[in-house]
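**Student:** One-letter residues, chain by chain:
Protein chains: 4
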Amino acid sequence: MKNVPFKGVIAYPITPFDENDKVDINLYKVLLEKLIVTEAHGVAPLGSAGVMPYLSDAEKEEITEATIKQVDGRIPVLVGVSNLTTAKTIEHAIFAEKAGAAAVMIIPMSYWKLTDEEIIQHYDAVASKISIPIMAYNNPATGGVDMSPTLLKKLLKIPNVTMIKESTGDVQRMHYLKKELGDEVSFYNGSNPLALAAFAAGATGWCTTAPNLIPKLNVDLYNAIENNDLEEAQKIFYKQVNLLKFMVNKGLPRVIKAGLEIQGKYAGYLRSPLKPLSDSETEELKMILKNIE
Amino acid sequence: MKNVPFKGVIAYPITPFDENDKVDINLYKVLLEKLIVTEAHGVAPLGSAGVMPYLSDAEKEEITEATIKQVDGRIPVLVGVSNLTTAKTIEHAIFAEKAGAAAVMIIPMSYWKLTDEEIIQHYDAVASKISIPIMAYNNPATGGVDMSPTLLKKLLKIPNVTMIKESTGDVQRMHYLKKELGDEVSFYNGSNPLALAAFAAGATGWCTTAPNLIPKLNVDLYNAIENNDLEEAQKIFYKQVNLLKFMVNKGLPRVIKAGLEIQGKYAGYLRSPLKPLSDSETEELKMILKNIE
Amino acid sequence: MKNVPFKGVIAYPITPFDENDKVDINLYKVLLEKLIVTEAHGVAPLGSAGVMPYLSDAEKEEITEATIKQVDGRIPVLVGVSNLTTAKTIEHAIFAEKAGAAAVMIIPMSYWKLTDEEIIQHYDAVASKISIPIMAYNNPATGGVDMSPTLLKKLLKIPNVTMIKESTGDVQRMHYLKKELGDEVSFYNGSNPLALAAFAAGATGWCTTAPNLIPKLNVDLYNAIENNDLEEAQKIFYKQVNLLKFMVNKGLPRVIKAGLEIQGKYAGYLRSPLKPLSDSETEELKMILKNIE
Amino acid sequence: MKNVPFKGVIAYPITPFDENDKVDINLYKVLLEKLIVTEAHGVAPLGSAGVMPYLSDAEKEEITEATIKQVDGRIPVLVGVSNLTTAKTIEHAIFAEKAGAAAVMIIPMSYWKLTDEEIIQHYDAVASKISIPIMAYNNPATGGVDMSPTLLKKLLKIPNVTMIKESTGDVQRMHYLKKELGDEVSFYNGSNPLALAAFAAGATGWCTTAPNLIPKLNVDLYNAIENNDLEEAQKIFYKQVNLLKFMVNKGLPRVIKAGLEIQGKYAGYLRSPLKPLSDSETEELKMILKNIE
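Residue numbers (full-length UniProt numbering), protein chains in the order written: chain A, 1 to 293; chain B, 1 to 293; chain C, 1 to 293; chain D, 1 to 293.
Take the hints with a grain of salt, since some may be wrong.
[What the hints assert, rightly or not] Here are some chain C residues pointing at chain B (derived, C-beta under 10 Å):
| # | residue |
| --- | --- |
| 1 | Pro108 |
| 2 | His122 |
| 3 | Ser128 |
| 4 | Ser131 |
| 5 | Ile132 |
| 6 | Ala141 |
| 7 | Thr168 |
| 8 | Gly268 |
| 9 | Lys275 |
| 10 | Asn291 |
[Said to hold, decoys possible] To spell it out: a stretch of chain C is covered by chain D in this simulated footprint if at least three of its residues, at any positions, have a beta carbon under 8 Å from a beta carbon of chain D; those stretches are:
| # | region |
| --- | --- |
| 11 | 56-62 |
| 12 | 96-104 |
| 13 | 148-154 |
| 14 | 172-185 |
[What the hints assert, rightly or not] Calculated lysine to aspartate or glutamate pairs in the EDC-like style (CA-CA distance at most 20 Å, straight line):
| # | chain 1 | residue 1 | chain 2 | residue 2 |
| --- | --- | --- | --- | --- |
| 15 | D | Lys286 | C | Asp57 |
| 16 | A | Lys88 | D | Asp57 |
| 17 | A | Lys179 | B | Glu231 |
| 18 | A | Lys275 | D | Glu293 |
| 19 | C | Lys88 | C | Asp72 |
| 20 | C | Lys239 | D | Asp57 |
| 21 | B | Lys88 | C | Asp57 |
Treat the hints as calculated values from the structure; they're not laboratory data. Glycine residues also receive a C-beta, built at the ideal position from the N, C-alpha and C atoms.
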């Protein structure tokens, strides 16, 4: 039986910076603690929302350690360790395992379009150096490479690749995973506007930064599905769908920062080249959040 | 309140030909009768499965009249009347209404990419000449033009445009329709592999030619949704998903003809340039149908 | 040696209608005569610009006969005979040959995506019924199917398929045709904004409706290429490129009608659903034409 | 008048590694020297061919310094300084200027899709810190963001952004640049298979790693264009087009390494996850190179 430590809502914290472009680790812990206490089923530092690719190695290690210490075993921690080179990916994966991560998430970041064989060897090389499970993450919009369902199936032959996160926004990929791989594999949805469709298709969990703003609605959606209550799930989903779409269209870290501020919380600074939402975008977000209440 | 005569499974008959490339109207009635008695909630002649664009005006009228006579009021009939020119579309829509259709379906077929304004005027011109409702049909893959959700919203301001059929395969379009238009509009799913996702998103019905081969599985899916039993719906959906995908990938009329023959039924001939499935495709279909049982 | 009756600028007349939506055949002849006398190297009725798919069979035959009579042997005539069904395509091809066409142009119009095998059989069936050459036309934007270079290569094995018209707008397709097929095949460019790039890549001719508005600039471009004068060709091309782009973006028949009217000529009516350019589009076209002078 | 230090063939060296995954700086200099002596008009270290994103800061600085020392003023040097964060891009741009670069090349690398405003501020921030010119580089396939012609036009308002490198493979973008910006701006082609089309459209130069394998053919193409001899240019282009396509399809560093080895030269190692060409790919490359001779 494959080792699958995650289910339900896996919450992604953002990485806040101070006015001097340094990671604000104290603010990070405050924001993280809120994700933990609002009943997320897991937490995932160093994801897209956490602007992982914009961080130095030292910053990534600082975030990893701070997360695991703050969580303190209450829920499992999934650490993003993707890197352009195989050597660096291994380095960060080993660090995450030692720090106490329940699993690592790896997207085959690419500058050059990698061949399937290069991707398999990349995962294989990392997998052989750690003993915790790997969540293989497919997101052509940020990672630059689109792993076909056939390739994902091959990756799952690597023993500690046990989870797939799909963010293409194509629900048919999830059908394929479910149909072809059966109960041996767990897949997770990373495309926020597909939250309902993915759970309907049988997703084990939802990787999302939305709990920074609307934790109860996110968890309630999962609970309705668990209760086999589609009508209720549909009702809860349509309450939040406009925010989920806005988050994706405007960029996760930008929207979470603005949303937290609208909710009266301090959210620090973004790292350049990322800039805050414009005034009109902020107004639109205010309306969306107001309509959710 | 808008007039919406359809819900559930709307079954699409194929148009069979004889060995001299003439419509085999007797065989058509036999195949149609099977759709009616297997509990489809509606029937839609002259759709994509019925190779409507390949038929002459006289053939279309023959099919329309034969359908309404055969159905004889047991279930509502939705007649496809799309045409490249506005004048011809009006002509066929008037014919369908007189023959007794419950509604007509119109896709803005295009050779030249039509502007939004041209599309609105096209629907408006037809709508003003008939009193039965219109289902506006969006399917860029066959019709050549992609109507944006915003355009669809505008079309719904025409009083007897009361239904939307979405076949883009993008579940987010359905979210938009449901969220923006609320209970005033009914939307129907025309993308077979999205059957479950569309019902989960709130679709009123499913336009499909699959009941020619697996009527019970199609109707059972709808019933599970009506019973708010997502687990059961998911189970039933995954039984049929491979066939639904195969139908779309290989072309509806080609697959239905081959499938009927595999099931021991006579299905007539296709009209050129359409050709029967190859031997290997037929073998693949046999396996898919066998695995469904 | 393959029979290739066309080179240079092949001019596409529009099909004008009168106020009662009937083809205005007298006006058609007037517009056609202008194309002939302004030194186009060939003329092609019933193309996209001539709204061929919007015409009845009788209208198509009327246009074909009027064209050949008016041209009266001065330049070769290429007649569009594409149709969704194979039977109708054969019927129109035979008619065109009898009427005196130098060649016919065929695009595999599709509602259902045709397989490569279906397309080959379609061309083969037509080719076997006529003795004049066929220009195979690839234009996924209007025809709905994209013929790969590999498929085009196969089509060229049919003896009287001797010419390829490429309208994908992808210059690399032309490189492939030139490189793979060498001097055995002639390819023609149907993407107006690629006129210079296509001639630079070795295109034998340019299929275009632009000579309705700017015949001298079109022919001069070809002449500069024939004179191996790239600098001059570039200068001439950049004079007309904005019009070429506008024509494609707004639709050929709509722009030609508006342009003729701006030039003080009568151009008749469009057939619905096509509508005249909006006021702002007409103003934009005026500026473009003014800047060309 | 804008400062434009480049024209003609701008050659991109690869970055070779030793068996311990360290940059092989001596081998780098050997390969670089060959580019210089074979009449390339400029040289560009730390480009895509040089796997810049896979290098550490120290490795990038080592390459920059080694290049400028080796070139020793014989031809101008264009240094790639792109980075995900604005701060790092500034750091590397300042380093390149101090080291003696003639200009820097910047692609707005993105993980999050940057807004136009974020991209403008990114370039503006870097431009204000250096006095040498910037080549703005558009390549959605590797950089992840597609800068529209309108955005490029805005970037050119920054005084020391004086050059545009276009790698979308869309020749119409080049028409726009030439037509809209006239003689004020120089654009460069970065899409190898478009080399002829781009020069025909008026490109000032060609950024390419092909001179590592076929320097004479590359330079001869430019010379034919300079001599206004399109026929000769076409002939030379078609000799090399299959290699240019293969390079793009299989990845520049992988193909250059394999090609050098086929030519009997030592080319070192690739950095993981990049792997050497497969045996069948190598055979294909051998045939392509053989057919060029």
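**Student:** All the hints need checking, so say for each whether the structure fits it.
**Tutor:** Outcome of the hint check:
Taking 10 Å as the C-beta cut-off, the interface hint given for Pro108/C holds, the closest approach to chain B being about 7 Å. Interface restraint check: His122/C against chain B, minimum CB-CB distance 4 Å, threshold 10 Å, status holds. For Ser128/C, the suggested interface contact is broken, since its CB lies about 13 Å from the closest CB of chain B, more than 10 Å. Among the interface hints, the one on Ser131/C is violated; its C-beta lies about 21 Å from the nearest C-beta in chain B, farther than the 10 Å criterion.
The closest approach between the C-beta of Ile132/C and any C-beta of chain B is roughly 21 Å, which is over the 10 Å cut-off, so the hint fails. Interface hint at Ala141/C: satisfied, since its Cβ lies 8 Å from the closest Cβ of chain B, which is below the 10 Å cut-off. Here the hint on Thr168/C is broken, as its CB sits about 15 Å from the closest CB of chain B, past 10 Å. Hint status for Gly268/C: violated, given a least beta-carbon distance of 16 Å to chain B, over 10 Å.
The restraint placing Lys275/C at the interface with chain B holds, with a minimum CB-CB distance near 5 Å, inside the 10 Å limit. A least Cβ separation of about 24 Å between Asn291/C and chain B goes past the 10 Å threshold, and the interface hint is therefore violated. Closer than 8 Å: that is the beta-carbon criterion, and the region 56-62 of chain C has 0 residues meeting it against chain D, so the requirement of 3 is violated. For the region 96-104 of chain C, the assignment as covered by chain D is violated, since 0 residues bring a beta-carbon within under 8 Å of that chain's beta-carbons and 3 are needed.
Coverage of the region 148-154 of chain C by chain D is violated. Counting CB-CB distances below 8 Å, 0 residues qualify, and the rule asks for three or more. Figure legend: the region 172-185 of chain C, annotated as covered by chain D; annotation consistent (4 residues with Cβ-Cβ distances under 8 Å, at least 3 required). Among the hinted pairs, Lys286/D with Asp57/C is inconsistent with the structure: their alpha-carbon atoms are about 55 Å apart, more than 20 Å. For a cut-off of 20 Å, the pair hint linking Lys88/A to Asp57/D stands: about 14 Å separates their Cα positions.
A C-alpha spacing of about 15 Å is found between Lys179/A and Glu231/B, which places the hinted pair at or below 20 Å, so the restraint holds. Of the supplied pair hints, the one linking Lys275/A and Glu293/D is violated, its CA atoms being roughly 53 Å apart against a limit of 20 Å. Taking the CA atoms of Lys88/C and Asp72/C, the gap is about 27 Å. The hint is violated against a cut of 20 Å. With a C-alpha separation of about 47 Å, the suggested pair Lys239/C and Asp57/D falls outside the 20 Å cut-off, and the hint is violated.
For a cut-off of 20 Å, the pair hint linking Lys88/B to Asp57/C stands: about 14 Å separates their Cα positions.
The structure shown violates the earlier hints numbered 3, 4, 5, 7, 8, 10, 11, 12, 13, 15, 18, 19 and 20.
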